[in-house]
Amino acid sequence: QHGIRDCLLSRGLGDVYKRQIEGGLDEEASDYLTGDDKSVRSLKRIKELEPSFSLSEFIGGAGGAYEMILMAFQAGNIDSVASFLSSEVKNNFDEAINDRNKKELKIESEFIGIRDTAIKKVAFNEKTSTAEICVSFLADIKSEVKNKDGDVVEGEKSETKKQFDIWAFSREIGSDNPNWLLIETGL
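Everything in the sequence shown is counted per the working numbering, starting at 5 for the first residue and increasing by one.
Since the hints were derived computationally from the structure, they do not count as laboratory data. A couple of the hints might just be wrong.
Think about it this way: if two alpha-carbon atoms lie no more than 27 Å apart in a straight line, the pair counts; the simulated DSS-like pairs of lysine-lysine are [to be verified]: (1) K165 - K150; (2) K94 - K110; (3) K51 - K131.
Produce the entire structure from the sequences given, and follow the hints as far as they go.
Set out below in C-alpha cells:
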C-alpha cells in the first residue's frame, strides 16, 4: 500500500513524498507521479474541479480504450470507436486504413493483454479547462499481415510480440461527457 512512499523514504527522497502529500495530494497521485511536480499540480487542479476523478480508474479505462481502439484499427474499421477519437487521429487512422486497403492488405490480430501501463504526463489548461494525460502501454499482440491471395507478408500469428505505445487522451474537466478523447498516438 505504501510501496512508493517507503521506496522514496529509503532512498532519501522523503522530501519529494512530503512535498506532494503536504500539497494536498493523495497517495494515489504520489504512486503514479513521483517527482513530476508539474503533473502533480495539474492533477491536483483536476481533482479540485472534479473531486470524483480517480487516476486508477482512468488508467483502467485507458487500457480498455487502448485495446478497443487498437483492435478496431487493426481490423480496418474504426467507426465503432470514432466517438473516442479526435478528428485528427480519426483522419490519420482512416488514411492508414485506406492506404492498407489500396495495397490489398489485411491484418489479422489477437490482443493477448496489457503487460504494463504508466502515466507519463498530466497537464491542465486553465483557459479551456482541458486535461491531457499521456499514458504508455506495453501489450502482447499476435498479428500477421496478409495480401489479397491470403499469403502472409508480415508477422506470424503464432508469435506473440510486445508492442509499446504512448498515447495522449484529453477531456474538458467538468463536462457532462465522461469520455476521454484519444488526441495523439506515437508520442
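Hint-by-hint comparison with the structure:
{"no.": "1", "hint": "K165 - K150", "result": "holds, 17 Å"}
{"no.": "2", "hint": "K94 - K110", "result": "holds, 19 Å"}
{"no.": "3", "hint": "K51 - K131", "result": "holds, 16 Å"}
Checked against the numbered hints above, the structure breaks none of them.
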